[in-house]
Amino acid sequence: MSKRFLISLIFLTLVGAGFFGTSHLFTQGGNYPIRKIFAEFAIQHSKSDTAAIQIKTHVHNEIEIRKKLKILDEIFQSKNDNDPRLDLEFNQISQETKEALEKKYNELHLESRNERGTIVFLVGKSLSSEKDFQFLRQVLAEAPCLSLSDCTSNLSHPTQDRNSHLGSVNEITLEYPQIVALKSIETYLANHSPDPPLMQIVREASHSKSPIVSHMATSLEHQLLKDKDMRLFI
Amino acid sequence: MIKILSIIAYFSFLSSFSFGFTFDNDVPAKIQDQMKKDLEFIGTIQSQTQSDLHKEIFGAVDGQTYSQFFSSHVSAVGLNECGNNNAVACVIPFYDSSKMWITQNYIKFSHPEVARLMVVFHESRHTEEANGNWPHANCPQPFLDADGTPMKSIWTGAALAGEPACDETPYGSYGSSLIMLKNISKFCTNCTSKVKMDAGIYADDQFKRIISEDAKQRIHNDLYRS
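So the protein sequences, as listed, match chains A and B. So the mapping is simple: our numbering equals the position in the first sequence, first residue as 1, plus 12. So the mapping is simple: our numbering equals the position in the second sequence, first residue as 1, plus 535.
Read the hints as simulated data drawn from the structure, not as lab findings. All clues stand as given, with none of them false.
No farther apart than 27 Å at their CA atoms in a straight line, the calculated lysine-lysine pairs in the DSS-like style are these: (1) B/Lys731 <-> A/Lys91; (2) B/Lys643 <-> A/Lys195; (3) B/Lys643 <-> A/Lys91; (4) B/Lys721 <-> A/Lys195; (5) B/Lys572 <-> A/Lys80.
Please take these sequences and the hints and turn them into a complete structure.
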């Protein structure tokens, strides 16, 4: 048996262990010795160092994503919006993590307004790509949530359910993910030049069926145009 | 042995933590737990400064101040539907001026934590018998937003014009809760950026319910002047 054959055999065994036999390890915290051995071995013995580094990076990203999703689940479970990990663990998150968060957003019930808004907030903190902007566009284009009990059905009785006293609290929560999306755009544009795709998203939101979203988007658009005009005159 | 002592000390600490009010027996444990957690959070807030109106109404932007404010206003918390399927909390002076009623929506609806706290602090202001429970003013007719659009509820479509859902003073329930939240948004030093953002969002919304020009100007000068 040649040395190359032996190396290939060990490599394939480790690949199998890494992706099938030890998949449960990726869901838990702590060290990952088999993964580490696999990654080191791949770098040392692969014909293509670039491919090995890519594998290592992928595995590392996968662990990071699962770790962050686990943290987020813990925060959702606790209903503690002041969990410092929201600031410490979600700064400059990778594109892969943002995509995992977006997937989670779509899996959540429509009525999970705070949880959905939290994900928009976390993605919105690290806006950097066209994909991020498209996610915000998708959020802003959602049909208005009609009731905190059931977003798709307005079951309110015209008189019995009228709650003018503190109704606006519910109204803000109904549109919370969309409001957070607009806040994220506003924060982003405070430090960046308004680029056409983002301005287009704001413009589309100004035609939202939700009066609150429409109003906020219109105000933001006017503010941005005003600032732009100011820059032109300076 | 040390482990056992630590556990005993931990539970002794928990049981000694008092909110200064009692829950009725029929308030579900989950609602009690959530309300305690929310009030524990507000009890941790820290800051270096505060606005003048906040100082006048509450004192410093400080957890202990908020805890004392709540404890001095609310003696008991009961379970009620508050006459509305969408209500979260209410005060019914006819029954008991210092009692706050919570609905199942407190935990059923997915509100940000700041929104739940805003509701209970709004209601706690309504317990002040000496100030006539800070009754609300009727919103003007027409009641328009800054763009001239009629202010209305988006899920019932009902216009707020003529409804008792506005304040003419910065010191009422809308004013005091928006002043509290805007101060947290601006000055809290140990809040997450989400809490600060949420506090700003809900405060700005409550500001729309202030209808007298004098009150609006005072709040603007206190908190919105750049």
